[in-house]
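K.L.:
Chain by chain, the residues run as shown.
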Amino acid sequence: MSDLIFESPAVPLSTQRRPYLLPVGASLAIGFLLLVIVAAIAPQLFAHSDPLAIVPREAFHPPGWQHWFGTDQSGRDIYSRVIHGARLSLFVGLAATALGMGIAVVLGLLGGLGGARTDRSVGWVLEILFAFPSLILALLFVAIFGSGVGPLIVATGLGAAPGYARMVRGQVLAVRNAGYIEAARALGHSTGRIISRQLLPNAMRPLIVTLTMGVGQAIVWASALSFLGLGARPPAPEWGTMLSMGRDFIANAWWLTFFPGLFIVLTTLSTTVAGRYLQQRLEGRLP
Amino acid sequence: MSQKTLIVEDLNVEFAGQSVVRHLSFTLEPGKTLALVGESGSGKSVTARSLIGLAGEGAVVRARRLSYGGVDLLGLSERQWRRLRGKDIGFVLQDALVSLDPLRPVGKEILEVLETHHWGDRPSRAARVLELLERVGVPEPALRARQRPGELSGGLRQRALIASALALNPGLVIADEPTTALDATVQAQILSVLQGIKAEGSALLIISHDLAVVAQLADEVLVLRHGEVVEQGPMQQVLTAPRHAYTRSLLAAVPAEHARGTRLSADRNQIIAPVARHIDQPVVLQGHGLGKRYVGPDQQVRQVVQGVSFALRAGHTLGIVGESGSGKTTVARMALALLDADDGQVRFLDQPWNGSAPARVVEQQRRPRRRDISVIYQDPLSSFDPRWTVSQILADALDVADTPVAEQPARIRQLLQHVRLPAELGTRRPLQLSGGQRQRVAIARAIASNPKVIVCDEPVSALDVSVQAQVLDLLADLQAELGLAYLFISHDLGVIRHVSDEVLVMRYGQVVEHAPVDQLFEAPQHPYTQRLLGAVPRLPGAGVALKVPPVEPENAVLLFDESRLWKIAI
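Protein sequences appear in the order of chains A and B. When we follow this note's numbering, the leftmost residue of the first sequence carries the number 3, and every step to the right adds one. When we follow this note's numbering, the leftmost residue of the second sequence carries the number 1101, and every step to the right adds one.
Think of the hints as simulated: they come from the structure by calculation, not from any bench. Since this is a predicted model, take the numbers as computed values, not measurements. Some hints could be false.
FRET-style restraints, in silico, Cβ to Cβ [as the list claims (entries may be wrong)]:
| hint | chain 1 | residue 1 | chain 2 | residue 2 | range |
| --- | --- | --- | --- | --- | --- |
| 1 | B | Asp1110 | A | Leu30 | 25 to 31 angstroms |
| 2 | B | Gln1532 | A | Pro25 | 41 to 47 angstroms |
| 3 | A | Ser192 | B | Gln1514 | 23 to 29 angstroms |
| 4 | A | Leu37 | B | Glu1328 | 54 to 60 angstroms |
| 5 | A | Ala44 | B | Ser1140 | 53 to 59 angstroms |
Negatives, chain B to chain A, calculated, CB over 12 angstroms [what the hints assert, rightly or not]:
| hint | residue |
| --- | --- |
| 6 | Arg1122 |
| 7 | Arg1185 |
| 8 | Glu1231 |
| 9 | Glu1240 |
| 10 | Glu1251 |
| 11 | Arg1348 |
| 12 | Ser1365 |
| 13 | Val1383 |
| 14 | Gln1399 |
| 15 | Val1475 |
| 16 | Leu1521 |
| 17 | Gly1536 |
| 18 | Gly1583 |
| 19 | Gln1610 |
Where is the CB? At the ideal position from N, CA and C, for every residue including glycine.
Could you build all of it, start to finish, from the sequences and the hints given here?
P.N.:
Take a look at the structure:
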């Protein structure tokens, strides 16, 4: 037997470890969200003029040095209104998401833990809710209870709840069969303690990301409702309401709708990008 | 069949600058079997993968010489590798369920190998698939070829995988842990298939941590540790007269070959304090006529456990042994009252604990008594809340025992000390611990509430043999120190023999034999027990040792004398 032997060069390392950097997109998104949050807490830091001050002779000023985003039909400064609108839009988005998730946790726990019959009933309720587009459902609610910020939050939260509920139920079903739940039962912990200390925290962990993205979604829905005149009432500075008010002048004064719309898009985009980044971090795909 | 020799000289494998295999050399001739033996992390799988060009991304493979049948393997391009794999070198992966495509019938899997290498024409390929399945001992090959991996048992899956590795009559077959995770009788069948391959003239490279399996097949053994060869030589020599201390400790750790009360890990001369094993100890846990039924998706009632009775005395160990699906875990869960019994009842500390209708116990009444019974699982990692540190896990268990929060830190340190873990580990999360450390944490949690009984469900099945030895020793020490009673469930007859006072053998949900441990292993009565015991691979000569009549006092001393142990065994 004769064997041919060659000295073989070592294969170079294909993947070198690089120093860790925050991705550009994620850092932009997180930076923008931070600015929106600061604007919501302290709008006077960014905008000095009164968002409600009417100056008729300065109506329909295009964007310029004096009014960065221009003025509307009543001469109100759009930049100031957009900045001040962050509070309302963000509050509606957060509150609606919290409400939706709250309802979802109750329904999800009922479905996931309540036994086959309860689970089926919850499943039916969810399917019926799913059958309506969320926006129609929210419209129905506003039609019955009237418009305003309160009903706006409830309507948006209700619209989001079924989707979350389904996710919570799935998570609860997965976690309830985890080894550590049985181990806790074997230790002799009460059911209440197991749910509050182990089942819920573990079930909700993967939903943090969904929640982040959900806030952006809720802002869009709330804006849509306001645009239809069912949410915040003018002249309150709310992005959806501003869109609605500018609609009549869209041919001549594009800036009335462009800037509020831009902020809705940017905020939603940022929550989504930040949420995805968070997801990759939590799932360990990034260092 | 090609007559080719595999030559490996000075093989080195690195990952990201870290050396995982160093200076490995061997020659494997046709018809011979070489076994790579070592524990997890020893580099045995990486070595095997390097031989088929699949060492993995970022791996740097260097060797003075790596050739098979005259072909230099180091310089091969990916395309050349593909031509070699499957055709000249067959590879049997460890986990058949993961390695086989779940959506593809197993026959297709084998067919694909033939197609890839353009073997024969279509009808002859189909015939070849059936021939291969038959050769590896798959009954009804025509039917099995159409089934998907999920529809086959573990043993059949493994055989299908072997069949696909053999499809083109490769001159070299590499098998990575081919029998791990299989039941004893199935393991015996797979071993005979592998022996058949060898008899037909192929070279076989087998990777295993199980020395008894290695003893069945190997001509030459190579013991690896941390990527280095610690011992290399003919099988008889390595397994019966090991030169290196590590090989000796591996052999010594095999539980079946050592009597109860002997240490498996280091310090073997120190005998575990004998427990007073009197028959007059009170019964702490008792099952009577236990039964469990499930209604399947086809509305058929399946009786998974039927008429199981047992009695566990304080300070004793009752072993339950059986193959997968025999119902032993179901019995354990009924003993823990995590599962309601459909028939019969369980009494714990002389009070009703679990039972069907008249003897039913409500969980609320049971809960305060749960501190007296605890459990250790096979997979400790999944039994810990992933968010918690070791200290939090133990504190959670101490809450049940009503340990005041102020006393918990001291008690946690004490528990860690009990299970021989350093106190610093308290701040770590289970994911950051090794398998053996995790199981120690699980044991610490189990003893936190000072229980009387611990149900151990395959507690050492996922551990390397030397770690298994340490955990078994720890359990024995704790039993002696704390007077614990164990209900010990395992599929591993060696482990059961080592730990048990009495053994229940289960099959199809029923107890087929119930006897004191020595009686069961020396004179099994039931044909199933006999078959089960016969299927267990043994270290060379160990079978003789097991048949040695009850040792006389002077021989008993010999048994504990490490240096002479193997002389007796031969």
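K.L.:
Each hint needs a verdict: does it hold in this structure or not?
P.N.:
These are the hints, each one checked on the structure:
no. : hint                                     : in the structure
1   : B:Asp1110 - A:Leu30: 25 to 31 angstroms  : violated (52 angstroms)
2   : B:Gln1532 - A:Pro25: 41 to 47 angstroms  : violated (27 angstroms)
3   : A:Ser192 - B:Gln1514: 23 to 29 angstroms : holds (26 angstroms)
4   : A:Leu37 - B:Glu1328: 54 to 60 angstroms  : holds (57 angstroms)
5   : A:Ala44 - B:Ser1140: 53 to 59 angstroms  : holds (56 angstroms)
6   : Arg1122                                  : holds (15 angstroms)
7   : Arg1185                                  : holds (18 angstroms)
8   : Glu1231                                  : holds (31 angstroms)
9   : Glu1240                                  : holds (35 angstroms)
10  : Glu1251                                  : holds (23 angstroms)
11  : Arg1348                                  : holds (36 angstroms)
12  : Ser1365                                  : holds (26 angstroms)
13  : Val1383                                  : holds (21 angstroms)
14  : Gln1399                                  : holds (15 angstroms)
15  : Val1475                                  : violated (5 angstroms)
16  : Leu1521                                  : holds (18 angstroms)
17  : Gly1536                                  : holds (18 angstroms)
18  : Gly1583                                  : holds (21 angstroms)
19  : Gln1610                                  : holds (25 angstroms)
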